[in-house]
Every structure is written in C-alpha cells, then in structure tokens.
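K.L.:
Protein chains in written order, with the working numbering: chain H, 314 to 696; chain W, 314 to 696; chain R, 314 to 696; chain A, 314 to 696.
One or more hints might be untrue.
The list treats identical chains as interchangeable, and a pair is accepted whether it falls inside one copy or across any two copies.
As the list claims (entries may be wrong) - Keeping only pairs whose Cα atoms sit at most 25 Å apart, straight-line, the calculated SDA-like set for lysine to any residue is: (1) 326 / 363; (2) 439 / 401; (3) 341 / 538; (4) 341 / 691; (5) 439 / 398; (6) 691 / 348; (7) 439 / 636; (8) 341 / 672; (9) 316 / 542; (10) 341 / 373; (11) 685 / 636; (12) 341 / 359; (13) 316 / 373.
FYI, nobody ran anything at the bench for these hints, they're computed from the structure.
4 protein chains.
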Amino acid sequence: MPKPLRIALIGSKFMGRAHSNAWLKVGKFFDLPRQPIMQVAAAREAADLEAFASRWGWGRWTTDWRAAATADDVDLVDVGTPNHIHRDQALAALEAGKHVACEKPLAGTLDHAREMMQAARPAAGKTFVWFNYRRVPAVAFAHQLVREGRLGRIYHVRAQYLQSWGGPETPLLWRFRKGQAGTGAHGDLNAHIVDMARFVTGDEITEVTGAIAETFVKERPLPDDPKRTGRSTVDDAVLFLARFKGGAVASFEATRLATGYRNRNRLEVHGERGAISFDFSRMNELAVYDATGEGRTAGWTTVDVTREADGHPYAGHWWPESHGLGYEHGFVNQAADTVRAISRRRPVVPLPDFADAYETQRVLEAALISAKERAPVKLSRVR
Amino acid sequence: MPKPLRIALIGSKFMGRAHSNAWLKVGKFFDLPRQPIMQVAAAREAADLEAFASRWGWGRWTTDWRAAATADDVDLVDVGTPNHIHRDQALAALEAGKHVACEKPLAGTLDHAREMMQAARPAAGKTFVWFNYRRVPAVAFAHQLVREGRLGRIYHVRAQYLQSWGGPETPLLWRFRKGQAGTGAHGDLNAHIVDMARFVTGDEITEVTGAIAETFVKERPLPDDPKRTGRSTVDDAVLFLARFKGGAVASFEATRLATGYRNRNRLEVHGERGAISFDFSRMNELAVYDATGEGRTAGWTTVDVTREADGHPYAGHWWPESHGLGYEHGFVNQAADTVRAISRRRPVVPLPDFADAYETQRVLEAALISAKERAPVKLSRVR
Amino acid sequence: MPKPLRIALIGSKFMGRAHSNAWLKVGKFFDLPRQPIMQVAAAREAADLEAFASRWGWGRWTTDWRAAATADDVDLVDVGTPNHIHRDQALAALEAGKHVACEKPLAGTLDHAREMMQAARPAAGKTFVWFNYRRVPAVAFAHQLVREGRLGRIYHVRAQYLQSWGGPETPLLWRFRKGQAGTGAHGDLNAHIVDMARFVTGDEITEVTGAIAETFVKERPLPDDPKRTGRSTVDDAVLFLARFKGGAVASFEATRLATGYRNRNRLEVHGERGAISFDFSRMNELAVYDATGEGRTAGWTTVDVTREADGHPYAGHWWPESHGLGYEHGFVNQAADTVRAISRRRPVVPLPDFADAYETQRVLEAALISAKERAPVKLSRVR
Amino acid sequence: MPKPLRIALIGSKFMGRAHSNAWLKVGKFFDLPRQPIMQVAAAREAADLEAFASRWGWGRWTTDWRAAATADDVDLVDVGTPNHIHRDQALAALEAGKHVACEKPLAGTLDHAREMMQAARPAAGKTFVWFNYRRVPAVAFAHQLVREGRLGRIYHVRAQYLQSWGGPETPLLWRFRKGQAGTGAHGDLNAHIVDMARFVTGDEITEVTGAIAETFVKERPLPDDPKRTGRSTVDDAVLFLARFKGGAVASFEATRLATGYRNRNRLEVHGERGAISFDFSRMNELAVYDATGEGRTAGWTTVDVTREADGHPYAGHWWPESHGLGYEHGFVNQAADTVRAISRRRPVVPLPDFADAYETQRVLEAALISAKERAPVKLSRVR
C-alpha cells in the first residue's frame, strides 16, 4: 500500500468538480507512488459545500479555506478558486509546507503571480499549475515530437482560443467585471494557448509586437435587473503578435465572440522539417506533417493519439486504441503526473510550476501593455 | 439519502473495468433515485481479482460468481463476462430475483439468447444490455431526431464497424476460436451497429438479403508457440444487406481487417426530410442534413452534441458546451439510465432489455444463415 | 505541326458539352502527338444543335449521326448519347474504320455491350469508354499505389455513389422509364464505381453474392401533367455485395435518394500493407494509410494530388501545386490519353476499351440478376 | 452575333496562361453581351511567345507591349505581367482609351498604384483587377450572405494565406529580390486576403495595429551557382493585426514557410448573427454558421456552393450540382463579369477596379510601415 497523499481542495464550482473527478479517478487508472486521499474540501458557501463534499467523497468540509490549507493532515493543497485569491491561498499553503496545485492562470495580476513565484522558490512544497491542455494526449505528443527535433527549426506558431458565449444578450456576470475577473477572454483563454505554445515549442516569447484588446459589447444587462445595463470592464477579445527566442513568429487570439465556435482551441506550429496542427474539438487527433519523407505521399496525417503499443502519451492507462478520451482526462493525467512529481518521479511530459506559469503571466501582461501603449513590448521589460 | 442499489459485478477484464468506472462515476454526475453500491466483484482468477476489487472499491470479491449473483445483499447483477457464459449467469441472477445488466451481445448463440429472453419475461428483476453506443450523446440525439419525424420516411441505412487489429501477425487468441468466441467480427462489431441501426431508426429488420462471411487469415501463429500455426474458426469480416419493415434498405459491415481504421463505427441514415451521419472517431459530433429548410444554405451541419441549454441528451450532467466526452461516458450514461429504470423513471432514451437484444441477435443469426446458405433469409424464420 | 485527329461528336447535352470542353482544352494543356480538330457535331434536334456547334467551335453540324460517324474527314467518333443508341453508333463508326470513344456505360443492355465488344476486337479503329473518374488525379494515383504493391493483398473494397435528386417530387423523366434508360441509379452510378473499383484494384469481380434493387418512389408526377402520375420502371437504388478474384470482399451502393449527398462518389480499399480512401466531393485529395511505417505517427494522410514535382498523375499539365482541379478535368485528361493511345503512346494510366467496359457491364448485369433471382451469381455465368 | 471585344494580353507566364484559358472558355459557358476576341499577345521574349500565342489561339503576337496595348484593333488590355511594370502598361492603355484588366496586386509600390488609380478616374476605359478569389463561388456567396445581413454586426475577421515553397533550399529567384518583386509573401499573398476580407465584409480597414515582417531565410543559393549564396531582400512572412471601420478586429498572415500548406487560403468572419469559414483547399464548399435558428441543430453547415436551383453564384454556367470547379474557374467567372461590366451589365458580385485595388494597396503599405516603424498606422495617413 503506497503512502497516502492527503489533499485539501479549495473551490467547489466548475474547477472544484473537474479536480474532484481527477482525484477520484487517478488511482483507478494509474499505479501511483502515493495514494491520493480526498481529505478535505473548502469553499465559501456552506450551503452547497456539504452536498458537494459528500457527493465527491471528500472526508470533511469547511468554509475556512485557511484551516483546510494549513491542516496538519494535509499534504497537497489544490487551489480551484477564482484568480484574485490564488495568491493568498497558495502563499498560506506554501508557508505551511504544503505542496500546491493551483488553477490557471497563476494569478489575477502580475504582481500576485510574482509573489507566488518568489514564494515557491525557497518553499519545501512543490508547486503545480493546472494547465490541463498540456496533458491532452495530442498536445503532449506534439511536445514530444518537437522536443525530438521532428519539426526542426520553428518558423510559425498560430494559436487561437475561440468561444462565443459573450454575445450582447449575456448579462454582466462577474466575468465581465475587472475587479473580480482581472481580464476577460485574455486571462481565461489566452492563458491556455500561451502555455500550450510555450510547452509545445519548448521556446520562450521575447516580444509582443502588437496587440488589440477589444470590448465589443460595452453595456450588458444586469443579471438581477435585465432591463437595466451596466458597463463591461474587461476585454471580449485580445489578439496579439509575438516573437519567440528561437526566431519563430506567432499570433494569438482569444475571444468570447467567435460565433460558431463554442470552445475551439487550435494550435498550429510549422517548422523546417514538419508541422503539427491541433484542434481541441477533435482532441484525440493530432495532425502531423512530415516534410522529410516521400514527397508523393506527403500530406497532413491524422494521428489518433490513443495507442499504447505506439507509445502515445498516457494511452496505456486508458481504453483500447481509438476508444477516445474527453475533456476531463487531461485533468486526470495531470493529477497522475502531480503525484509522481511529488514522489520525485518523472512526469510523462513537463509539469508547469509557479515559475513556469509566471512566464506565461508575463506574456499576458506584455500583451495588455502592448494593447494599451500601442507599441511593441519586450518581455525583458515585464518582470 | 436515496435507497441503495447494491451491485454484483461478474468479470474483471476490459468490460469489468468499463463497468466499474461507470458505477464509480454515475453518482457523482447524476442525481439518482437510488444510490449504487459497489458491493461485490466476481471473476474466475483470484490472483488479479483482489487487486481489481481493491482498486475500484468493490466491497468484497469472490471467485464464485454464483454466490455473488445470488447473494442476499445484491440487487443488480452486472454481467461483464465472455458471451458463452452470459446465459448461465443471467439465468441464475434472474432466478434469484435480481435485476440483470448484461454485456452485449446478449449471448454466444441464438439458443442462449432465446432462453435469456424467455427467462426475463416472467422474472421479477428488470433486464438491461450494455449496448453502450446508444448512450453516446450523438447517437441518442440521432434517435430523438428520427423519432420526432425529422428524417421522414427512411430510405437508406449504412452501417460499418471497422477495425484493423486482425492482421496475419495477430496470434490465434481465443477470439479466433469458435468454441469460445462464437463468431469473430460479427458478434463483436455487427452486434453494435445492428443495435444502433434499430435504435436510431426505431424500425426492425425483416430480411437479410445477402451476406458474406469471410476469414481472410485462415492460419494464425499460436500464442504460446509462434513458430507453429493453428486454424482460425471465426469470421474476420461479415457484410450483409437487409431490408427494414418501414421500407428502408441497409448495408452492414464488420471487419477486423480494415487497415487504417482502428475503431471506426459509422452510421448513416437517409430519409425523405433529412439525414444523419455518425462517426465514432468524432463522437461528440452528429452530422445532420435538413432537407426542408432554405436550399441555398443547405448542407451537412456538424452539431456539437454537448449543449445543455439546447437540450442535448445527457449534456447537462457533464462539462460545459464543447468540452467533449469520451468512450467511457456512454457506459456512465447507461448506468444512470439503468438506475432510473429500476426505480421506474424514464431513461433519457430507450434502454435495451433482453427481449430487445434478442431481436438484434436474430438479425445476426439471419446474416450467418444467409452467408452459409447463400440465400436471403426472412427474419420471421429465425426464432 | 502534328498530324490532325479529326473528331465527330454525337450528342449535344450534358456529355456533349463535357466532351466539347475536353476537346477544346486538351491541346492547350497537353503536348499531343496529333492535333484534335473539332470537325463535326451531330445530334437529333437541329434547333439547338447549330447554336451548340457554333458555341463550341465545331466545324460543321448535322442531324444525321451516321453521316458524321462515317464521314471521310473524320478519324475519331465520340459517342455522347443515351445508352440505348451507343451500339448502333459505335458499330457504324467501327465499320467505317474509325476510332470510337463512347460514353459510359458501354451500352444499355449486356447484349448490346457484347456486340460492341465483339465488333471492336477485329476493328481497325481503337475503342475507348469515357469512365472519366479514372482520370481524376486522386483516383489515378490510387491505381498507381495499388499497382506498385503499396496496399499489398487487398481485403476490402467499399464503393458508394450517392445522389439525392430522385425524391417523390421529381417527375417521371425519361430516366425513370426502363425503355429509354435501361436501369436507374444502377447503370448511371454503379457503372462508375464498378469501373473505379476494378481500375484501382486491378482485380476482377468473380461473384455477386447478394443484391437489392429498390424503387422507393413507385409513382411519379408526369412531366407534362403533374396532377397525374405514372409508374417508374427503374431502380432508385441498387446495393450489392461481391467477391474479387484476389480474395477481397466488396460492397457497392448506388442511389438517387441519399438525402444530403448530391454527388458523392466514395471508394475505400483496404489491403494488408495500407489503404486508400477517395471522396469525389474533395476530388483533389486522396487519403492514404501506410501500415508499414512508424506506428507512432501512422494515420490517414490527406495527399493533395496536385504536385508535378512529386510525380502526381497529370499534375504537370495544369496549375501550380494545390491550385485544384474540377470535375471537367477528368475529361480533358482522358481526351489527352485517348489521343496518345491512338498514336501508340502510353496513357498515364490504363484506358478502358470496349472489352474492358464489357467486364463492368457483366458485373452490373450479375447484380441485376442477383437482385431478381434472390441468389448469388457467379460472373462466369454472365457472358 | 454580339459585337466583338478585342483583347490584347501582355504576359505569357503563369498568369498569361490563366488569362488565356479564361478568354478561351468564357464564351463557351456564358452568354455574353460582347464576344471576346483573342486579338494579340505580347511578351518580352520572342522565343516562347510564338508557341504560346499559337497554342492559345491569339490572333497575332508581338514583343512590343506598347504596340499591342495601343493598337487600334484592341478594346481591352489584359495586363498579366510582374508588378513593377503594371503602371506603365496600364497607363499607356488607358491613355489610348482602352479598358484595362490588370493582374493583382495593382502595382509594385503605392506610388505606382496611386498613379494608376488617378489615371483611371478620368479615363474613357473601364478598369479591372484580377482578384480572382472573389469569383470562387464560395467567396462570392460569402459576400452575398454578409451583404444581406446574415452575419449581422461583424466582430472578427481571420485571414491566412499559407504557402511553403520558400524553404532554405529554394534558390534566390527574382521573387526574393526587392528590386524586382517589391515584397515577398506580402504583395503576393496578403494582397489576396486583404481584398477578400474587404470584399466579403463590405467594410474598410482603418488601422493596422501591429505587424511583423520576417525574413527567415536570409541567404539563399544563387540560381546559377548554387554553391554560392545571395541575400534575400524581401519578407518570407508578414503578419498584421487590423481594425475595420465597422468595429471588427482582424488578423492577417501571409507566408511562404508554413510547412504542410502548399496553397492554403483561409478566411473566417464572425458576426453577431452568424459566421462563415472558407478554405481554398476545399474551394467548392463554404462553411456557414447560423446563430439565429434552432439551437439544438445549430452547427457549421458545409454548403456545396454548386447549385443553380439554389441560386449559388455562377453555378448555372457550369456543371450539375456537386460536380466541382477548380482554381481556373475563378478567372473565367471574372472574365465573364468583365465583359458584362464593359457593356454596362451588372456583374454577379462587385468587380474591383483600380480605385478599389488602391484601397487594398494602402492596407498593404500600412502593414509594411507598421512593421518597420514598430507602431500602429492609421490608414488615413497612407495615401
């Protein structure tokens, strides 16, 4: 029987649910060096929390997140709350010597993110950030191919995260208020694709060359009084151009108003020797182009990244080949790698820690500055 | 706290695992009228069974399936074993007054299937068959559209289940031995698409008009002694043509030698008013053609069947729109409907019981007879 | 200046137009050993014919097809008329020592086809049949790959030609009258896919194992008096199963009632070493699966068959890579190969002559017999 | 017999060929108010020109373009030469009172383009620019849908023209020398997608907010002496962000180094009521999303834009539905509309004249300035 890894979860909404499911399943599908124990769940409102904790099998529950995050019988604190409180919760947990797994983006502001990164450096606990798309097998496979040199020198990165729920009829939810949300599509969606682009290429962005932040819908109906409207104070869409250290040029686009696309997360990377194309709506597939083989049969190959026998990442833990996975499996895969990493085992593909996620946050900040100042922004300036 | 529903699972291999996962998750994602309890797991070999039961959280384990199937503290017996023992296990459970959920196909032979169907009729327990593809949301949605008359009179059904693991290098596993497997691709794969075709159209096959059963690879290496070979006694592929009562004509194809397709389950149905096309490799999508709207923008529409707000089946229990599901979710959806049906609640879409699955078995039998006799076979003859 | 090749075209409708366009363009895009001269156009009705001939640049026109087909100043007779008069026109032309290029299918009946095949054997002129899909570059490329052994032993052939214009509202055109049309979807559409399957595999069908011929819409409005209806005497759809000499099993389906598909011509061939998949709606692409390479990146590769540098068939005669071709280009490619063959040059891929097209006609006939007799039909019986 | 329209073509390379084919075919497929006469072809080198003119049926040929452009027996001068000589040729023709149809982009520099635009204003002849993609039926259809308000207020435009022939092994052709080519991918490819974006949206760009112009391959082998290299003086890729007057935000990308894409021209436009997505590699299809209909069956609809009965643009002139067109047909469609416009008939969709193409040129110039100055550039500044 492996040693237990006792977990405190903070947050009981969408991410609370996605993380609970991950902790529930991970031990069933992976042979782990430590056994995850769903020790305690914390959230603000008692009402739903009891039902949530009971449903998912959390050992106990509390509305005092700090108590949960610092409890003696907890090893890992899983932060699944809104961005503006990541810092306080993570810092408390690190201070208490816990490992911390924090939802993305690292924080609501760059200042917070910096503090977290700095606190993580000397801490006893390890840190992790739930950039779940890294562990969609097709994205992990893309990373592996690039790392092996299969794309050669990289020329182009093209990343888009397109949603469409932000039409004029959508009310002024907290997500449209800067005070609570920090940003709009940018922190929510660009965070994912900036991380993915960094992860897949293994390279770092050195400059944001131009950016647009746009709020198409400036007034929205108030949730409680739809006849009146209030002002949206976040972006609906942020687009930016960037340069990578290795010479690649890139474009990023995040929006809540790409009618037709509900949750379209696309990444294309073109290199001298090949290219990859990923679309989350067909998440079990990676399109691969090999420029080094026979020209006559060259083309985009749709690889079903589900085959244990072919060494596809994570495939051996799940179902037979071409019996596809879904959105939730990225979280389970990340839970498995998190447990491994805590036990000094190597994750299947690199895990983002606070320092790593801070780099993504710097890119997001640079894009906001670029949009505001209407000028290119070197990353070296954003610290 | 709802009344418990205590489950005995028989079988610990691929399906044992898929069912365990379903019972583990179902209560987390669905509000159920009874609470599933993973009471006891049974399988032949003690060695692996203990680890299996412990991993999945089964309350106890036994190598005596009969003891499990008839135990006083069991309400539902879940049969996840090979086809040739479905009958004995299901009959024992029904006799003991249990509900029974049996893996597909219903049985290894039509005689067994008939006995099971007959035993189910007067039994106190309800019966279910795990035709999991009915509960892939896109397939359930196709069923709903047809039932509402959105396709009108149906002309064509085209169903294929294409795999490719059965090449000449594949050894003579039990799946290639008639004594154990009954048939090859036919019972394994055609069972699924015959059920899907019946389910989506809501219609019954009245005749198999022609059939080919082919064993391409007649000799295979012995698993234990690959230098020697043995004779495969099952089909590698079965194709057949059929007619439906409502007038549609149909083709079915199942094979283990469709190089390039690992697990491609496709169904197309064309009617007077519209058409649907499903491909399991893109399981979150249903292609829908509406022949009644504006001609100028008519075409195949790719519907992401993931939207609670739009009433897509099962969508409200899972993740936000376009955060797709995987293979395993069909089983969880079926587990939920099974629990509901036991409590006399209506399943989201119809559940197959033994009588229903017997109809599918009759079609499979008719195809085998047709291939052997080289003649059309009316279904009225196969009982 | 190469020697002229003087052409007489018979027919001025859809095919008359497609062939005229081919003869007009072929010398512009191909360097030919003889120069096609559009000498004379013949058709039944004088009214339109003059405008047709003038528009396309035919040197003269006549309503006497026999005069055109036997004129001294004609070298090649191009038969673009309905099926039931192919025989008379082809025989007259062959007797006059002309080369003959005949629209598909070879004839309206097997008897006619046999006569034509027999007449062609001793004739001075060469014969050709316009199975234009052979010269869609993707299909030609599929043929080349199979011939080179890239698929190895072939297991499966799956061919469909799906149209949808034959709904109940479509009037009783001549195409629905057996006397004029011979058959319905069968001769029109199955002719194409049987030829394609034979061409791509390089193999011959030895048996039709089962067949369905269905007339869904039995009564149709009369073209001239839509309040009254008349009886359709042809099939709306014909499906059949078949076996190839080399051991492959096959399914064919042609229909005018596949709602949603306007002109969907699909062919899939699976072999031991690889597979190909073609869909005419994306005619510049061939999907290729190579089972012999690296497993990890194996998948269906979408090959844009447009690259001269990679030796794709016909690519060098047209536009730069990935500047796609359309439906009409198959005819131009065939016109080029026809001129070459007349000059004893090798066509890019094999051209069907009357003997070859007679084999396709035998398969069509066997399917009709099988549907009628409700029994398998060996091809050896159909002569 | 309609009045003739006598044409002088200048240029005998790729575009000379594409235009010749258009003039050859246009009268065969369209009923035109004037009859195009292929009067004279001009080009620099006599050697190939004679063969070219003879092959395509040009009445005479000359190496003196000015003589051709100003000849008394010429009505329309078709300029198919490299960008840096468009101005001289167009001005000479306009001065001689001819109509002028000029290849895109309008000119090699903004100064040239301005002169041409200014010369066109008072001229007797009409002007046209061969932005052929406007007349790919799917693009024309997208334009129509937007114009009818089917997309409502437009939020996003996303345009990419991706090629991959510019790898390091490609020699230092004239296309990589600024003196001859002006720019690299920018003028060649962005010209097309800027025009398409303006055409489809019916809106104008008011600002380039950021831009990257990159030359990945700085030294290339000399064509005549591949052991030595020379410096490439043009961009390999240009990306830029932009804003439209109507409020939409946009991204544009053109590159010769997008490995895997040979000629991928993609445009997506998202509006409040719907969206369209076009990919030239599947040029007969337009993906349309309608946000105003039934939610349950909402999704991207693949419309085969080939149906005369449904009023698809240009469809009635070509082949039956779903018998697709190719690259060359955009040119033929444009030739037809050009002839119509000269006779004061309305083109199917708007034709770009010099004034219109000058607007595209201003956008291209603004992007270059933005890349160079590393700052946003208002279009009002670029004149």
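K.L.:
Take the hints in turn and mark each one as holding or not.
P.N.:
Going down the list of hints, with the structure as the test:
For a Cα distance limit of 25 Å, the shortest separation of residue 326 from residue 363 inside one copy, 13 Å, qualifies, whereas the shortest one across copies, 35 Å, does not. With identical chains, the CA atoms of residue 439 and residue 401 are at most 25 Å apart within one copy only, with a shortest distance of 17 Å there and 53 Å across copies. Proximity of residue 341 and residue 538 under a CA criterion of 25 Å is satisfied in neither setting, with 47 Å inside one chain copy and 34 Å between copies. In this assembly of identical chains, residue 341 and residue 691 lie within 25 Å of each other by CA distance neither inside one copy nor across copies; the values are 46 Å within and 47 Å between.
Taking identical chains as interchangeable, the C-alpha atoms of residue 439 and residue 398 lie at most 25 Å apart only when both belong to the same chain, with a minimum of 19 Å there against 51 Å between chains. In the homo-oligomer, the alpha carbons of residue 691 and residue 348 never lie at most 25 Å apart, since the shortest distance is 44 Å inside one protomer and 57 Å across protomers. Taking CA atoms no more than 25 Å apart as the test, residue 439 paired with residue 636 passes in neither setting, with 34 Å inside one copy and 29 Å between copies. Neither within a single protomer nor between protomers do residue 341 and residue 672 lie at most 25 Å apart by alpha-carbon distance, with minima of 34 Å and 36 Å respectively.
Within a single copy, residue 316 and residue 542 get their C-alpha atoms no closer than 54 Å, and across copies no closer than 47 Å, so neither meets the 25 Å cut-off. In this assembly of identical chains, the alpha carbons of residue 341 and residue 373 lie at most 25 Å apart whether taken from the same copy (22 Å) or from different copies (17 Å). With identical chains, the CA atoms of residue 685 and residue 636 are never at most 25 Å apart, being 46 Å at best within one copy and 32 Å at best between copies. Proximity of residue 341 to residue 359 under the C-alpha cut-off of 25 Å is restricted to the inter-copy arrangement: shortest distance 19 Å between copies versus 30 Å within a copy.
Proximity of residue 316 and residue 373 under a CA criterion of 25 Å is satisfied in both settings, with 20 Å inside one chain copy and 23 Å between copies.
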